[in-house]
Every structure is written in C-alpha cells, then in structure tokens.
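Novice: Given next are the chains, with one letter for each unit.
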Amino acid sequence: MKALMSVGALIGVIGLLLLVGMIFDIVPSNTVRLVEGYMPMQMLSELAVFVAGFAGLSYMMSAMGMPIPRFWQAIAFWAFILLYLKFRVYPPIPFSVRAMYGTVSLVAVFMWMSANEDDWRKFKQPIMNVLDAQSGTNKLLRYAYLVLLPILIGGFSYNAMKPKSEEPIELRTVHPAPPASTKVHGKTYTLQTSQNPYRVNPEGKYDQEYTNANIVEQGMGRLMKPNANPWDQNAQGYLKYVREGGEIFFQNCHFCHGDNLNGRGLHAFAFNPIPANFTDPGTIAQLQETFIFWRVAKGGIGLPNEGFPWASVMPPWEQHLTVDEIWKVILFEYWHTGYYPRTWD
Amino acid sequence: MRNSLSRKAGVISASAFGAILLSGSVGNSVFADGLPEGFKKGDLAPEPAAEMIEAGKRVYFTKCVWCHGVDGAGDGPGADRLWPRPRNFNQGTFKIRHTASGELPLFDAKKPTAGQNDLFETVTHGLPGSAMPSWEGILTDEQRLQVLAFVTTQLVKDRKFTDKQSETQTVLQLGDLKPKASNEESKKRGSELIVEKKCIECHGTEGRGDGNAFNLKDDWGFSIQPANWHKCWNFRGSRQDPYNVKNIFRTFSTGVNGTPMPSFADNTTVDERWDIANFVNSLCERDPEGNPLPIDPLTDKPKINFVVPSDPVEGEIPADIENEAWQKAPKRYVAMGGQITHKPRNFVNRIDDIWVRSLYNDKSVVYLLEWDDRTKSVAEGKLPWAPTAVNIDVKEQAPKTGEEGSIASNQNNYAVYNDAIAIETPVKWKDLPAPIKPRYLFGTNDQFPVDIVKWEADGSIRAFKGTGWDKDFEERDTYEENLKVLKSEWKNGRWYVMIQRPLGNKKDQDYDEDTFFEVGQYIPTVFFAWDGHNGDAGRKMAVSAFYYTFLNPPIPRETYIYPVVIAFGVVLLEGWVMTRRANKKKGKTL
Numbered sequence: 000m001k002a003l004m005s006v007g008a009l010i011g012v013i014g015l016l017l018l019v020g021m022i023f024d025i026v027p028s029n030t031v032r033l034v035e036g037y038m039p040m041q042m043l044s045e046l047a048v049f050v051a052g053f054a055g056l057s058y059m060m061s062a063m064g065m066p067i068p069r070f071w072q073a074i075a076f077w078a079f080i081l082l083y084l085k086f087r088v089y090p091p092i093p094f095s096v097r098a099m100y101g102t103v104s105l106v107a108v109f110m111w112m113s114a115n116e117d118d119w120r121k122f123k124q125p126i127m128n129v130l131d132a133q134s135g136t137n138k139l140l141r142y143a144y145l146v147l148l149p150i151l152i153g154g155f156s157y158n159a160m161k162p163k164s165e166e167p168i169e170l171r172t173v174h175p176a177p178p179a180s181t182k183v184h185g186k187t188y189t190l191q192t193s194q195n196p197y198r199v200n201p202e203g204k205y206d207q208e209y210t211n212a213n214i215v216e217q218g219m220g221r222l223m224k225p226n227a228n229p230w231d232q233n234a235q236g237y238l239k240y241v242r243e244g245g246e247i248f249f250q251n252c253h254f255c256h257g258d259n260l261n262g263r264g265l266h267a268f269a270f271n272p273i274p275a276n277f278t279d280p281g282t283i284a285q286l287q288e289t290f291i292f293w294r295v296a297k298g299g300i301g302l303p304n305e306g307f308p309w310a311s312v313m314p315p316w317e318q319h320l321t322v323d324e325i326w327k328v329i330l331f332e333y334w335h336t337g338y339y340p341r342t343w344d
Numbered sequence: 000m001r002n003s004l005s006r007k008a009g010v011i012s013a014s015a016f017g018a019i020l021l022s023g024s025v026g027n028s029v030f031a032d033g034l035p036e037g038f039k040k041g042d043l044a045p046e047p048a049a050e051m052i053e054a055g056k057r058v059y060f061t062k063c064v065w066c067h068g069v070d071g072a073g074d075g076p077g078a079d080r081l082w083p084r085p086r087n088f089n090q091g092t093f094k095i096r097h098t099a100s101g102e103l104p105l106f107d108a109k110k111p112t113a114g115q116n117d118l119f120e121t122v123t124h125g126l127p128g129s130a131m132p133s134w135e136g137i138l139t140d141e142q143r144l145q146v147l148a149f150v151t152t153q154l155v156k157d158r159k160f161t162d163k164q165s166e167t168q169t170v171l172q173l174g175d176l177k178p179k180a181s182n183e184e185s186k187k188r189g190s191e192l193i194v195e196k197k198c199i200e201c202h203g204t205e206g207r208g209d210g211n212a213f214n215l216k217d218d219w220g221f222s223i224q225p226a227n228w229h230k231c232w233n234f235r236g237s238r239q240d241p242y243n244v245k246n247i248f249r250t251f252s253t254g255v256n257g258t259p260m261p262s263f264a265d266n267t268t269v270d271e272r273w274d275i276a277n278f279v280n281s282l283c284e285r286d287p288e289g290n291p292l293p294i295d296p297l298t299d300k301p302k303i304n305f306v307v308p309s310d311p312v313e314g315e316i317p318a319d320i321e322n323e324a325w326q327k328a329p330k331r332y333v334a335m336g337g338q339i340t341h342k343p344r345n346f347v348n349r350i351d352d353i354w355v356r357s358l359y360n361d362k363s364v365v366y367l368l369e370w371d372d373r374t375k376s377v378a379e380g381k382l383p384w385a386p387t388a389v390n391i392d393v394k395e396q397a398p399k400t401g402e403e404g405s406i407a408s409n410q411n412n413y414a415v416y417n418d419a420i421a422i423e424t425p426v427k428w429k430d431l432p433a434p435i436k437p438r439y440l441f442g443t444n445d446q447f448p449v450d451i452v453k454w455e456a457d458g459s460i461r462a463f464k465g466t467g468w469d470k471d472f473e474e475r476d477t478y479e480e481n482l483k484v485l486k487s488e489w490k491n492g493r494w495y496v497m498i499q500r501p502l503g504n505k506k507d508q509d510y511d512e513d514t515f516f517e518v519g520q521y522i523p524t525v526f527f528a529w530d531g532h533n534g535d536a537g538r539k540m541a542v543s544a545f546y547y548t549f550l551n552p553p554i555p556r557e558t559y560i561y562p563v564v565i566a567f568g569v570v571l572l573e574g575w576v577m578t579r580r581a582n583k584k585k586g587k588t589l
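For the protein sequence lines, the chains are A and B, in the order given. The opening residue of the first sequence carries number 0 in numbering that gives the first Met the number 0; numbering runs sequentially from there. The opening residue of the second sequence carries number 0 in numbering that gives the first Met the number 0; numbering runs sequentially from there.
In short, the hints are calculated from the structure, not lab data. Be aware that a few hints might be false.
As the list claims (entries may be wrong) - Only pairs whose alpha carbons sit at most 30 Å apart, straight line, appear in this in silico DSS-like list of lysine-lysine:
#1 Lys161/A x Lys327/B
#2 Lys182/A x Lys394/B
#3 Lys216/B x Lys197/B
#4 Lys239/A x Lys56/B
#5 Lys583/B x Lys121/A
#6 Lys399/B x Lys381/B
#7 Lys342/B x Lys182/A
#8 Lys394/B x Lys427/B
#9 Lys197/B x Lys245/B
#10 Lys187/B x Lys330/B
#11 Lys583/B x Lys138/A
#12 Lys197/B x Lys490/B
#13 Lys123/A x Lys584/B
#14 Lys342/B x Lys216/B
What the hints assert, rightly or not - Examples of chain A residues toward chain B, derived with CB under 10 Å:
#15 Pro167
#16 Gly299
#17 Gly301
#18 His335
Just so you know, even glycine gets a beta-carbon here, dropped at the ideal spot from N, CA and C.
Next comes chain A alone, as it looks inside the complex:
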C-alpha cells in the first residue's frame, strides 16, 4: 500500500512540476502533445493520473506527520483545475468556457468536501476559526477580511458596470440540417441517394470498399498508403481522381482551408467564422458525402439562417467549378484526412 502511494505521490509531484513549468513558460506547453482527435481521452486519463498522484501525495504527507488541512486541499485542487484548463489545454479555450468548467468543478469540490459530516466539519474549521477570532492571527485575519471584502466586491461591481465594448456573442450552428435535395448546374440531386461518381475501382465501377482500402493511413502524420501514390503516372480510377481533386483543392480551397485541410490557410486569419477544419473528427468524418456536396456547391449563401449565411465567405462553388470537379475535391478531402464518409444506413 505504502509503495503504491509513494509512486502516486511521485507522479503527482512530477505532474505538478510540469504544470508549474508550463505556467512560467519554462517548459513549452506542447512538451507532452495533445493530439488532435485524441485530446478528450488524453486529458481525461491525464486528470485521472493527477488525481491518483494527489491522493498519494496527501497520504504521504499525513504519513510523514504533515497532513494537508481539508480546507487547503479543496482550494488547492480547485486552483489546480483552473490552472490546468488555462495553461495545459492547447489550443487555448475561451474564458467563458473555462468559467463554466470552473463553476462545475467548484460544485464538485463542495460535494466532495461535504460528503460526510466529519469532512465537512474539518473543511469548515478554518473559516469558523477566523469568525471566532480566538487567536491573534485569526483576529488580524478577521479585521483584514472585514475591510477588504467590501472594497473588493465594490471594485468588482464597478468593473462589471463600466460600459464595455466586448464582442457580442453569437451562437452559430456549424452543421445545419441539409435539404432533401439540391439543384446544381440545372440538375437535381437527392442527397439520400446520390453517390460520388469518382469513388470507383481501376475498372471504373463504383466501389466503396476499394476506395476505402486506398484512403491514407489514420493517425498523426497521415500518409498515403504505400504503393498508392496518386501522382503515379499509371494511377487509374480512384487514385487518378484523387490527384485531380487535389489539384482543384490547391488551386481554389487551400487559401482558406489550408495546406493541411485544417482550416488554417493563407487568408483564414481574416475571416470569422474561421474556415472548417477537415482533420477535426467533428466535420467531414461525421457527415455524408452528399452533405459536403451540398455545402460546397451552395457555399455560405446557401446556408439556412442559423448557419449565419451573411458572415460566411465560403463561395458557392457551382459558380467556379463543374459538378465533376466538386465531387473530385470531396474525394480528395476524404483521402487526405484519412476519414471515410458517413453513409445513410
């Protein structure tokens, strides 16, 4: 038991040192990388390790005769969560979201502290001590609080009331419901039944399995399958169309959606909403190929109101590309990100 707790304590200390290092910019915040796509699981397991570490740490401290008071345990743990969210998570999350997580974890800490009568009493003790002011230090603290609290709260409320010009918050639906069908270049496409005509095998037949087998390897640093080079002179069928789609993508789309299809193109920084990140599992990996076809063909203008058509700079690509070119680009996007399009069943 003791050995286990020591290991826990050691992990806790190392983790804390790393976090402190990140806060002070001594350790680059991407030392241990949060990998796109795996981030939630990575964070959860990291937090689990931390909690184990803290349990061990607390056990060791009590074993050494220096127990950490309940009150400070609670405060330290809450502070840890706030700092973790601010300094560890990358890309950074906005303050409003952090405030939400902070409140939830505050409630959780309270539940933990009030789980049984004994703990709750221990937790309250320091507060009661200050209130009762039996010792000199506590007396001093009590008077300090008496003066500081009104000043602080008054200051905060002044700050909150001062007219501010913060960007208004607008909630946008990123993937609005698609229509049943869409008309592109004079032809109507039913989204439920349409298929990408370029998802074909070398014989030119529609073949989902063949194309899936040629989609790039999954994971970080996604690369084309060995011996499936779309730039091969002899590439036929699916791979040839991937290359043609890529050519169109890099002549038209990468200015916003980026060389990596991650929404960080040359012009992307100027726009709001920012261009979609296709490598994020929440975009094309979640959608049917026909949904993408509708979005590409109709662009920002084609969005329903909840999708903020007035702010989107996404062109209605039917003005610039033929239907065939649109399908090829979509083919390329799935190939390059390593995702399979969702099917209707």
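Chain A is fixed; fit chain B onto it per the hints.
Specialist: Frame of chain A, contents of chain B only:
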C-alpha cells in the same frame, strides 16, 4: 501578472543558459581565419540513409507535391495562385539559413537541433507570410526529417549536400552571440546604418518595403517585394517568434539566397549588425505601452478584436493625427483576406491588414484608416466598366504554372487602377433580429440594403447602396455632400485616410438609406481595400470579416453609485453574520 512572472522565470533560465554558454565558449575565438565575424567553419552532414529517403518520398507525395510539384520545381498545381511562389528545390537555393550567402542551408537527417538544422526548422515552423504552414503536430519529427532527406537528395538536382569538392559550410554562431541591449543609442545607430548600408533603397525610408517595389525579381524571374519591417509576423524566417531580434540578425548576416537581399556579413561588424537588427525590430507594430502585440499561435498574425471602439469628442473632430484625441483613441488591427468568393477573385491580396481608429461627436463619426501599400496608385486610364457595376463578366486566368502569360508572370503588369478603401454598414440594422445581418459582400436584398462609403485615390468619395453581390451598386447622388475626407495622404508606403460621415438619424437623414449610428450599439461594419497596382477594381479587392463599430457611451452616473451601495450592503451582511455567530456561541438564537 502572468507576464511579469514569466519574465522573471525567463531571466532566470536565460542566465542559466548564459552560464552554460560562457563555460562552453571559452577558447572559441570569434575571429577565425578569413571568416566574417560571428561565423565558424562547419562540416558537411553525411548523406541520409536510403530507407529514410524512400520513406520521405511518401511524405512528399502526400503533403508537399501539391505546391512544390512532382520534380520539386516549385510548380505544383497550387503554385501559380501563390505569391510568394513555392520554393523551386532544383537549384538548391534556400532562403532561411545560418550559413553564409550562396551556401546550402544546414541539414542533418540525424540532428533535429534548433539552430543547427535550418531546413528542419523551416518545415517545423513554416514560413509566416507565405502559404508554407507549420508542419509541427501534423508530421512527426521523424517524418519531417524523412521528407527533407528526400528533398535534399532527390529534388535538389544542381548541387549535392555531401559534395566536399564544391560545397562549404560557414556557419553563423547565433547561439554564442549575445544580443546587444536595445537602447536608444543602439537604435539610433541602427537607423543611421540602414541609410549608410543602403537598406532603405529597397525597404523604403520608413521600412515599409516600398523602395524599388517594381524592379525586384528573384532568381527565377518572378517578381518579389522587400519585407515590410512594420509587420514582423510576416517575416519569413521568424520561426513563429516574430519579435525576436535574433531572426533579423540572422537574415541580415546570411542574406536571402535567390533574392536581391545580400548578406551583410562582410561589410558590417557584429556590433553594427545588432544595432541594425535592434532598429528594425523596434519598427514592428506594438501596443500603446510598447509591448509586442499578442500573436495568435494558430495563424501567426496579431490577435483580432472585432470591436472598433469610437470615443466621443466635444466639438469638431480634429483632422490632425497628432491631435491628442486621435493619439488616445484605441487603434484596432483589421485583418484582410482576398475576395475569392465571386469573380474576379483575388488570390494574391497585397493588403493584408488595415489599422482603424474612430472618433465621434454629436453630428458625425470619423474613421481614421491606415494601411501599408507599397505604391501610390492613381488610375492611368479609364476603368473598362462603370464603377457601380459589380456583376461584370470576367474570364479568369487559368492557373498555369509559371509559364508565359501566367498569373505569376503578370504580377506586376496589371493596368493600374485607383487605390481605394470602403466602409460598409447595414441600413436598418435595428429592424433585423440579431444576429442577422445583410451579407458581408454588398448586402443581401432590397429590403435590407447596405450603405457603402468608398474613397478612391483620385480624391473622390462616393456613397453607394448595395443590395446583393450580384447586383450593380446604386450611386447615392445627393449623399456625397454629407461626406467629407478630412485627410488623405500617401507617405513612404502607407496611406492615411480620414473619412467623416453623418451619424444618421431619422430627423436629419433618410433612415431608409442611411446607416443610423446609435451610441452604445454594435453596428456591423465591413472594410474593403483595393491596391491599384495589383489590378484591384470592382470585386477584386481585399475584404475583412464583420467588425462592429461601437460608439463608446459616456460613463453613466449609476456606475459610480451602485458599487458603493453594494459595498455598504456587504458591510451590513458581515455585521449580521458575526452577530449571529456570537449569539450562537452564547447559546442565544435569533
């Protein structure tokens, strides 16, 4: 708070590093035989293993081929619409190096060490200001080294990284050189040296890259332009650390191969180079306190605040930028992207940001717009279409790569039109349920038109009504007398334009056509900019996203009263808690 803490930590770690460096550099004389100051002879790296080259080929044909081309000639399908163009690897000419002018960059497939592997760092951090992204987090370290192994051995055709007969390595010892303190004296000397060393001939007297803007070509005959020292986040070798003076020192010491930018290692001392680097670094845009602008790590550009605040002034709004009111007005960075939604599309937008300040009084609101444009362009001939026409039939040039008649070779041969700037605000925005707005590009329909005020370099100011991207503008003939250009000046590569317009209200103005600027409300605002020498006219231009003009209200009296009331309430509450506790202890209940 965080800044000061991290600064302290930085000082500690820097001094620790300094101690290590000092102990290591003893016996290392700065002057080696015949070498420029600060340089040292280096060794050629061994050729990467064959498996590595083979593995790199897969990386290259997945990720790089699209811009750099099958043969690495910088002619992939994306190349022709990019400016600057992707690197042609064949000749082995690379821009960002620690090696002397004309030499190959540092690359060792086994050593991904910062400062000792130029190509690896370029791939890792990307080249800000160009289309080359940062590959960190997308390709593993291993994959980045593999692809470089492939590029340096297979695609660099005219030279060989391992050829001891013809290649030398003279390496800038940037790690051992300590930057000189950036004090007034050093910056002043730097400002004199850039004149003496003729830097301003290309980079312009204010360093906005406006000198000689049309005659510069790279080794492949494509037009290029000198760097704008005020936008350090666009410095190609900034390694995502734009305010670091070492980057400028390196570029200045090694030159930029393939471009007219020479190395100054032979005719400057290290001390002089630090002075110049300090001066150039000091020119980069900073906040009013002189701190570096916060850079968004995802885009390598300054962080954006979408609210353009306008401060109230009593009486006339001053037309003089030096006036205290303008000096105190908050300055906002407005990012500009190319208009690539409708034809004619603008893939190469040369205006990538504008700076906006605003003031208002009881009658008017004034925008002060400043943006860098290397050339003052005033139309030489007539526009081929009416200025109100937006739905013109244009044939787009095919993206042929680098051949004659391609976009790249046309880059500086456009018909010159007027430089121009426009501000678009929706009319009747109060009738629209938030957050709905008319479309960012010239509005949506007749019901909710947009109000466009456009200034052009010929001195004209016009007002238009926009009712959709595909509809011609309606010119508002009678409105121009309400508009005023308080200032328009092009100086050393920068435009300064001050546009005044009425606040607009139901009493004095036509509410159905004129935007009503109400105090304390968010008025959606879009900015458009045209660079006349880039062939920008009509819809070929740079655009911003929706920003908000916000007329700052004077601080209301309640702001001062309520906090006092609240503080007093807290005192009462404290009294109550303490009495209750005391009573409880004595055994009494309330």
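Novice: Take the hints in turn and mark each one as holding or not.
Specialist: Hints versus structure:
The straight-line distance between the Cα atoms of Lys161/A and Lys327/B is roughly 19 Å, inside the 30 Å bound, and the hint therefore holds. At roughly 24 Å between alpha-carbon atoms, Lys182/A and Lys394/B fall within 30 Å of each other, so this suggested pair holds. For the given pair, Lys216/B sits about 18 Å from Lys197/B by alpha-carbon distance, which is consistent with the 30 Å threshold. For the given pair, Lys239/A sits about 18 Å from Lys56/B by alpha-carbon distance, which is consistent with the 30 Å threshold.
For the proposed pair Lys583/B and Lys121/A, the alpha carbon gap of about 19 Å is at most 30 Å, so the pair holds. Restraint check for Lys399/B and Lys381/B: satisfied, since their Cα atoms lie roughly 29 Å apart, inside the 30 Å limit. A threshold of 30 Å between alpha carbons decides the hint, and for Lys342/B with Lys182/A the separation of about 21 Å falls inside it, so the pair holds. Proposed proximity of Lys394/B and Lys427/B is contradicted: the alpha carbons are some 36 Å apart, above 30 Å.
Taken as a hint, the Lys197/B and Lys245/B pair is honoured in the structure, with Cα atoms around 21 Å apart against an allowance of 30 Å. Using a Cα cut-off of 30 Å, the hinted pair Lys187/B and Lys330/B holds, with the two alpha carbons roughly 26 Å apart. Among the hinted pairs, Lys583/B with Lys138/A is consistent with the structure: their alpha-carbon atoms are about 19 Å apart, no more than 30 Å. At most 30 Å may separate the alpha-carbon atoms for a hinted pair to count; Lys197/B and Lys490/B meet this at roughly 19 Å.
At roughly 16 Å between alpha-carbon atoms, Lys123/A and Lys584/B fall within 30 Å of each other, so this suggested pair holds. Between Lys342/B and Lys216/B the CA atoms are separated by roughly 28 Å; this keeps the pair inside 30 Å, and the hint holds. Among the interface hints, the one on Pro167/A holds; its C-beta lies about 5 Å from the nearest C-beta in chain B, closer than the 10 Å criterion. Annotation: Gly299/A was flagged as interfacial toward chain B, and the flag holds, the nearest CB pair being 8 Å apart, inside 10 Å.
Taken as an interface hint, Gly301/A does not check out: its beta carbon lies about 12 Å from the nearest beta carbon of chain B, beyond 10 Å. For the restraint placing His335/A at the interface with chain B, the shortest Cβ-Cβ distance is roughly 8 Å, inside the 10 Å limit, so the hint holds.
Violated hints, in rising order: 8 and 17; the structure is consistent with all others.
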